[in-house]
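Novice: Taking the hints into account, I'd like the entire structure generated from these sequences.
Protein chains in written order, with this note's numbering: chain C, 1 to 212; chain H, 1 to 212.
None of these hints come from the bench; they were simulated from the model.
Zero decoy hints are in this set.
Which residues of chain H face chain C? A partial, calculated answer using Cβ under 8 Å:
(1) Ile48
(2) Arg105
(3) Phe114
(4) Ala177
(5) Leu179
(6) His195
(7) Glu204
(8) Glu205
(9) Thr207
(10) Tyr209
(11) Leu210
Which stretches of chain H does chain C cover? Using the computed rule of at least three CB atoms under 8 Å from a CB of chain C, they are:
(12) 8 to 22
(13) 92 to 104
Just so it is clear, CB atoms sit at the ideal spot from N, CA and C, and this is done for glycine as well.
There are 2 protein chains.
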Amino acid sequence: MAKGSVPSAVINRLCLYHRCLEEIRGAEGGKDKLNYVSSSKIAAMTGINPAQIRKDLTYFGEFGKRGKGYPAVDLLRELEKILGLDRKWSVIIAGAGNLGKALVRYKGFSSRGFLIEGIFDQDPLKIGKKIGHIFIYDVKEMDKFIRAKDIDIGVLVVPAQSAQEVAEKMVEGGIKAILNFAPARIDLPAKIRIHNVDLSFEFEELTYYLSQ
Amino acid sequence: MAKGSVPSAVINRLCLYHRCLEEIRGAEGGKDKLNYVSSSKIAAMTGINPAQIRKDLTYFGEFGKRGKGYPAVDLLRELEKILGLDRKWSVIIAGAGNLGKALVRYKGFSSRGFLIEGIFDQDPLKIGKKIGHIFIYDVKEMDKFIRAKDIDIGVLVVPAQSAQEVAEKMVEGGIKAILNFAPARIDLPAKIRIHNVDLSFEFEELTYYLSQ
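Specialist: Right, here's the structure in full:
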């Protein structure tokens with residue numbers, strides 16, 4: 001796999017290349033054999049310059065053929081492997097509010113291998129109920145549940161003031177990665193990977209263009 | 001402002017630099033006068049290489065001083081101006097489901113100048129009600145509303161099968177930019193800026209690290 005540590009900006013770009021190849025596959029009507037794809041084609045689709053793309057991909061070995069580009073199917077599979085998208089991941093959600101509910105019902109997760117195994121809340125009126133097919137459990141049982149079901153990823157959609165406490169409970173259970181939607185910085189041991197989601201970020205690319 | 005057209009990857013990175021400077025300002029306790037910040041400091045925080053950062057910033061003029069870096073406050077203000085974050089933007093949300101509700105209540109929007117003016121739905125049981133302080137209106141009135149209130153940005157949180165139709169209604173009203181949470185590709189005139197949000201994307205950076 002990767003030689004040495006790879007900057008997170010590279011990983012972010014690999015996610016973009018992966019999407020881009022999926023799109024190419026989709027556009028070619030799901031044909032099993034894709035042709036070669038050049039770094040300039042990926043560049044045109046992602047806005048990232050071709051030299052950067054070639055450099056990013058060399059972290060993981062020699063994929064391409066000079067003058068021909070990359071074999072698209074192989075590159076797609078390789079990126080899936082690198083990014084851990086060739087397997088299933090088990091997920092729990094802490095917080096059964098509107099955003100928690102929306103995430104449980106979000107179609108894109110299960111189709112990409114992110115399987116939501118349970119929702120946790122502290123509200124007695126919610127505990128024992130279901131959202132879709134997924135049960136809402138007492139947050140007090142969360143660490144036990146994580147251990148028993150070997151959960152990979154915890155999603156935090158609790159209010160800012162309880163984010164730290166709930167995140168620590170996840171870590172107690174043995175979770176290694178947290179996706180944090182709560183508008184709060186959480187402070188955890190360095191070995192735990194945290195990804196903070198800020199939805200207002202999504203607007204900012206639009207406002208640039210509206211300002212021109 | 002920018003000389004010529006700027007690739008969208010650059011704009012994405014400018015958003016990251018902006019966040020990074022905000023964080024530095026926060027860490028320095030809101031002091032009005034910040035010191036100089038070097039491209040290598042921004043690099044360490046974002047994982048983007050310093051040469052790329054310097055190159056991105058030259059699209060917009062000569063900010064930095066050789067050997068000193070960038071005056072942090074000026075750079076922050078300049079990025080706000082470039083990204084259109086120094087003003088308020090009016091927003092409507094189409095779709096009063098769980099995700100629509102969650103977005104209305106999301107604290108991060110108004111504090112960043114994104115003001116939600118109305119929610120639109122087709123469900124007679126929802127129309128006339130409120131989410132927080134915001135009214136739910138009939139989607140049939142959406143284009144009139146957009147025109148009357150001069151709305152800047154439309155947020156699509158409708159089911160995939162109605163995304164195209166609702167997006168077209170937004171454009172009829174005069175909207176120039178759409179943030180699309182619906183899991184559907186929408187096809188609009190090229191002058192309309194569309195940003196597709198895929199929440200499963202947020203997981204993918206985590207799975208890379210979990211796979212190592």
